[in-house]
Structure formats: structure tokens, C-alpha cells
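Those sequence lines, one after another, are chains C and S. Take the first sequence: its letter number 133 is residue 133 in our numbering, and every next letter is one higher. Take the second sequence: its letter number 65 is residue 65 in our numbering, and every next letter is one higher.
You can trust all of the hints, since none of them are fake.
Among the chain C residues that face chain S by a calculated CB cut under 10 Å, a handful are:
1. Val78
2. Trp88
3. Thr91
Honestly, the hints are just simulated from the structure, not real lab data. It should be emphasised that the depicted structure is a prediction, and the values quoted were computed from it without experimental measurement. Note that CB positions come from ideal geometry on N, CA and C, so glycine has one too.
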Amino acid sequence: MGRAAAGRETRLREQLWSSLERPDAIADFGQPDQDPTAEKKKATWPNDCTWFELWILPCLRRAISVEEEYNAAGAEVVLDDEEDGEGWLATHGVQASKTEEEEDIPSMDTLDIGTSEGIKSIPTYFSSGKKEEEEEDIPDMDSYEDTGDNLVAAEPSYFVAEEPEDDNILRTRTYDVSITYDKYYQTPRVWLTGYDESRMPLKPELVFEDISQDHARKTVTIEDHPHILAGKHASVHPCKHAAVMKKIVDVLVSRGVEPEVDKYLFIFLKFIASVIPTIEYDYTMDFDLGSTS
Amino acid sequence: MIPFKKEFTFDERAEESAAMIANYPSRIPVIVERFSRSNLPEMEKRKYLVPCDMPVGQFIFILRSRLHLSPGTALFVFVNNTLPQTASLMGNVYDSYKDEDGFLYMCYSSEKTFG
Numbered sequence: 001m002g003r004a005a006a007g008r009e010t011r012l013r014e015q016l017w018s019s020l021e022r023p024d025a026i027a028d029f030g031q032p033d034q035d036p037t038a039e040k041k042k043a044t045w046p047n048d049c050t051w052f053e054l055w056i057l058p059c060l061r062r063a064i065s066v067e068e069e070y071n072a073a074g075a076e077v078v079l080d081d082e083e084d085g086e087g088w089l090a091t092h093g094v095q096a097s098k099t100e101e102e103e104d105i106p107s108m109d110t111l112d113i114g115t116s117e118g119i120k121s122i123p124t125y126f127s128s129g130k131k132e133e134e135e136e137d138i139p140d141m142d143s144y145e146d147t148g149d150n151l152v153a154a155e156p157s158y159f160v161a162e163e164p165e166d167d168n169i170l171r172t173r174t175y176d177v178s179i180t181y182d183k184y185y186q187t188p189r190v191w192l193t194g195y196d197e198s199r200m201p202l203k204p205e206l207v208f209e210d211i212s213q214d215h216a217r218k219t220v221t222i223e224d225h226p227h228i229l230a231g232k233h234a235s236v237h238p239c240k241h242a243a244v245m246k247k248i249v250d251v252l253v254s255r256g257v258e259p260e261v262d263k264y265l266f267i268f269l270k271f272i273a274s275v276i277p278t279i280e281y282d283y284t285m286d287f288d289l290g291s292t293s
Numbered sequence: 001m002i003p004f005k006k007e008f009t010f011d012e013r014a015e016e017s018a019a020m021i022a023n024y025p026s027r028i029p030v031i032v033e034r035f036s037r038s039n040l041p042e043m044e045k046r047k048y049l050v051p052c053d054m055p056v057g058q059f060i061f062i063l064r065s066r067l068h069l070s071p072g073t074a075l076f077v078f079v080n081n082t083l084p085q086t087a088s089l090m091g092n093v094y095d096s097y098k099d100e101d102g103f104l105y106m107c108y109s110s111e112k113t114f115g
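Based on the provided sequences and hints, a complete structural model is requested.
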């Protein structure tokens, strides 16, 4: 990388952190009383206390189980195509996914309680008792009981909900994703703080379940967060971030697009997705790379 | 490999996409091709039929597993020269970026991203 290019990149980053507008999704935990432009000349993060955090992001499934689920959902089915013989690859197998869905949804039909003779609801019990004793005394009850029986048969009074034996419950974890400035590499650095379904902090080891297995324990390490004192946090190691951002910016420049510093973080967020495929953090914006060259 | 758009005429493509959408109304016909300057291998399949409610991130994951990328490589997927939001659904991306012939065109590229 030439010196001029390196200088440009440093300047890009510098400007980004001081001029980044605050999208709604990003909470700024900086010190708002400080004037960011005063810090602009520094090559590092303008302010040690400035960092960004995206709160309570849903993580619907475990990254390590995505492949299993994908296979369970029928994986891939090649559909024949007479026209050119190339064939369509249907993800989540067309046929398999349909049956899978039917099996997974607990249905009232399969509960089979309404038709069951074994369990009698209380009104049935009493009305049948009445039927024997009071049949002659109150003839009107006959017709009442008939409708009563029908009602009971059609609408049983109470069911006890039971956990289905097959565990079809989606384990929604949540994540706080924070982005700090790494002084050594002079890039943003992503930190993950995980919570289980009941918002209890996840052990860092469990966080690895939500990280693409290609990256877990290599790119992603457990370290002390520079701004959150409590606990250890998973972090995506930033040693290649600058080079990748440089490549993307080069693509932009080669396509005649002037890179805008306030878009830096948006581009950055795109490539973090391959590390944390199941954490839904990127609701920011599509990024236009300019016209095709 | 000849780009899909050059291999088939507009009418052929429009006819095929209409047929796929008619047969599989809850799915989207996607053409996935390699970014011209990428050094990644070509995929043996370029025509995909994906559910509308699948997030873009998951589709990238599927492509990634088909390409057998080495660890530490990030896969980028462009739609009309745009990096789509990874949390958005394929159906929304299709609505925003579908081609006039009824297909959604995506191209992929990768970078050695993580150490």
C-alpha cells in the first residue's frame, strides 16, 4: 500500500468517527459535550469514550445449527428444467419443506380430545347424573341435555397444555453488538455480548455457537471490553479489517464512486455478517457500489 | 461461463421466470453469478429457487457452503451493484431489485477478511 493510499485511508477513518451521523439503531455513548471537530487532527479515535452499541439484537438460531436445520428442511433439491437442462436448485427442498411445516405445527386436530370418550368434562358428568334421576320430573331437560351433550362434545371445557416432546421451540438469544475503535489497528472493532432467552448473560463459550464455525476461536476471541467492565466479551479480531475496507473502497473508486466517510461503518457492517450470520444486526441500508464497469 | 443474460434472450428469460413463479409462488428465481474480477471458482449451479422469507444472510451462508470457501474468507453478494442488508428478506430484495425479465441477479465476490 502506497503512502498516499495509507494516508487517505487514515483520513477516511478519522473523518468517519468525527462526522458519522447517528442512525437510529446506533446509540452513542460518547461525551456529547465535547466538540468532535476539535479532535479531528488525531489519527486515532477522537475520544476514548466514544463507542457505538446496537442493543438487543435478535439471534433466532444458532449458527452451528444452521447447516443441520438446512439439511433437515430438505436441503437442496434440483428441479429439472427441460429448456436448457441446467436445472434449478431449490433451497429448503420444495417437497420436504412442506411436509416439515405440517409436522412442526402442533394442530388442534391431532390433540384428539374433543372426540375422546375417556375424559368427561364436568358438565357432562353432572348432566348424565341428572338424566337418570330427573328425567321424568322435568321433561324439558331432555332437550336441554341433548344440546348440552353436543356442546360438550364439540367444545371440551379445559385442556392441559403440555410441552411437545419434540423441541420445536426457537431459541431466541439476544445480542448487544458494540463497536469500538481499536487504537492499534486503527479500525472499528466489533464486540458481542450475548444474552439467553431470559436476558441472562451468556457465557462467552456459548457465544461461539452463534459464530460461523469457520471463524469461532480463530477470528473471534474472548477478551476484555475496553468500555464495559463486567465480564469477558467475544470480539472479532480486527487485524485484517483495514485491508478489506481498503479493497472495498478501491472497488468504489474504480467504479467512479466517491467514497463517503459516513458510509464507512455501513460497509463495515456488511462484511461482519459472515462471522455472525444469525445475529440480525444489519437493518441499516443497502450499499450502492455504483454502476457496472 | 457465458453470463446468463447473454446466453438467453430477454423473451426466453422472461418466459422462464414467469413459469417458475407460476409453479412456485412462494419462491424467488435467483441467478447467482461470479463477479467478473473475482478469483473465486464458478459455482456449478447458478439458478436458485429460494423461499421469499429467507434472510439474505442465510442465502449467503448457503452459497458459502457451496463454494467451499476457506476459513477467514468473507463472501460478498451484490445485487445490482449493491450490498444488500443481511437481515432483509429475499422477498424484499426481489421486490426492490428484480430485473425486468423477472429474475433477481446476484453476483458474488470474496475477500480475505479475517485473521
